[in-house]
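No gaps in the numbering here: position 70 of the sequence shown is 70 in the working numbering, and each next residue is one more.
Please note that a few of the clues may not be correct.
[Claimed, not checked] Derived pair list, reagent style SDA-like, types lysine to any residue, alpha-carbon separation capped at 20 Å: (1) K156 / T104; (2) K206 / I96; (3) K156 / R171; (4) K131 / E195; (5) K131 / L190; (6) K131 / D119; (7) K131 / T146; (8) K131 / T104; (9) K206 / Y14; (10) K156 / T146; (11) K131 / N12; (12) K156 / E195; (13) K131 / E17; (14) K156 / D138; (15) K131 / Q176; (16) K131 / I96; (17) K156 / R196; (18) K156 / E94; (19) K131 / H192; (20) K156 / A134; (21) K131 / C29; (22) K206 / N12; (23) K131 / N163; (24) K156 / D119; (25) K131 / C109; (26) K131 / E98; (27) K206 / A147; (28) K131 / S181; (29) K206 / D143.
Quick caveat, the hints were computed from the structure, so don't treat them as lab data.
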Amino acid sequence: MAEYRRNEENWNEYQWEREIRRDERRISCYFRELPGCLDLPGEEDMIFSNLLSHPDLVPTGGDPDTLRFWQKPDEDDEDDEEPGDPQRRHPGAEVIDEIDRLATEWNVCCASLLRSNLDLHGLGIVCAFGKLLARVADFVDTDEETARGLKISLGKRAIADLNELVGGLQRICELQRSLISHVTLTIELLGHVRERLVDLVEQLRK
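Construct the entire structure; sequences and hints are all you get.
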């Protein structure tokens, strides 16, 4: 979300929530268009031309051409840390480590224990872990002093993503009962993660 922070530092959490939903619609639209354009000459131009045909997908207050740079990383972020300096740890960084560990354990479970007819369900859980990791990383790394509304909104979305992940784990457990013990422990540990995220969001509201 760094590329949309030019003049929006004073937005509240609800304004940011609308923009995050818009961002997710852009992502969804991009991947819907991708299969039909894959490996064609100028596939990126074709996809973004289609995105530009939907005004509701253009970032609020942004020029439509900004969509063409939407997927590119913010190069300024790469210069935030001096080479050789110790990595700065933000409050909540330990949550990222825990989710990453649980995601790794799930990947091992998929490869070794999941029935082959449930591969797509297992991959869906892998993607849900990836989405949660990305969201929590954005939440943790956002500066509360300059973008408190954004940080609160990202925290709320991370909790919602975690709830969706738990729902997916519960469904796959119903489809393969032999995974009950593994899934139950994973859900319990995700519950602790959720409590930590709730605490961090509540601290921001004070």
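Structure-based check of each hint:
1. In summary, the hint linking K156 to T104 is not supported, as the alpha carbons are separated by about 24 Å, beyond the 20 Å threshold.
2. Taken as a hint, the K206 and I96 pair is broken in the structure, with Cα atoms around 23 Å apart against an allowance of 20 Å.
3. Using a Cα cut-off of 20 Å, the hinted pair K156 and R171 is violated, with the two alpha carbons roughly 23 Å apart.
4. Between K131 and E195 the alpha-carbon distance is near 19 Å, which keeps this suggested pair within the 20 Å criterion.
5. The straight-line distance between the Cα atoms of K131 and L190 is roughly 14 Å, inside the 20 Å bound, and the hint therefore holds.
6. For the hint linking K131 to D119, the alpha-carbon distance of about 18 Å falls within 20 Å, and the restraint holds.
7. Annotation: proposed proximity of K131 to T146 is violated, straight-line Cα distance about 24 Å (limit 20 Å).
8. Under the criterion of a C-alpha separation no larger than 20 Å, the hint pairing K131 with T104 is consistent with the structure, at around 14 Å.
9. Of the pairs offered as hints, the one joining K206 and Y14 holds, with about 17 Å between alpha carbons and a cut-off of 20 Å not exceeded.
10. Using a Cα cut-off of 20 Å, the hinted pair K156 and T146 holds, with the two alpha carbons roughly 18 Å apart.
11. Our distance criterion of 20 Å between C-alpha atoms is broken by K131 and N12, whose separation comes to about 23 Å.
12. Taken as a hint, the K156 and E195 pair is honoured in the structure, with Cα atoms around 12 Å apart against an allowance of 20 Å.
13. The hinted pair formed by K131 and E17 meets the criterion: a straight-line CA distance of about 17 Å does not exceed 20 Å.
14. Straight-line distance between C-alpha atoms of K156 and D138 comes to about 12 Å, which keeps the hinted pair within the 20 Å bound.
15. This hinted pair does not check out: K131 and Q176 have alpha carbons roughly 24 Å apart, beyond 20 Å.
16. The hinted pair formed by K131 and I96 meets the criterion: a straight-line CA distance of about 12 Å does not exceed 20 Å.
17. Taking the CA atoms of K156 and R196, the gap is near 12 Å; set against the 20 Å cutoff, the hint holds.
18. Proposed proximity of K156 and E94 is supported: the alpha carbons are some 18 Å apart, at most 20 Å.
19. Restraint check for K131 and H192: satisfied, since their Cα atoms lie roughly 18 Å apart, inside the 20 Å limit.
20. A hinted pair counts as satisfied when its Cα atoms are at most 20 Å apart, and K156 with A134 qualifies at roughly 14 Å.
21. Distance check on the hinted pair: K131 and C29 sit about 17 Å apart at the alpha-carbon level, within 20 Å; holds.
22. Under the criterion of a C-alpha separation no larger than 20 Å, the hint pairing K206 with N12 is consistent with the structure, at around 14 Å.
23. Using a Cα cut-off of 20 Å, the hinted pair K131 and N163 holds, with the two alpha carbons roughly 12 Å apart.
24. Of the supplied pair hints, the one linking K156 and D119 is violated, its CA atoms being roughly 30 Å apart against a limit of 20 Å.
25. Our distance criterion of 20 Å between C-alpha atoms is met by K131 and C109, whose separation comes to about 19 Å.
26. The hinted pair formed by K131 and E98 meets the criterion: a straight-line CA distance of about 14 Å does not exceed 20 Å.
27. Annotation: proposed proximity of K206 to A147 holds, straight-line Cα distance about 15 Å (limit 20 Å).
28. Pair hint K131 plus S181 does not hold up; C-alpha atoms about 24 Å apart against a cutoff of 20 Å.
29. Under the criterion of a C-alpha separation no larger than 20 Å, the hint pairing K206 with D143 is consistent with the structure, at around 16 Å.
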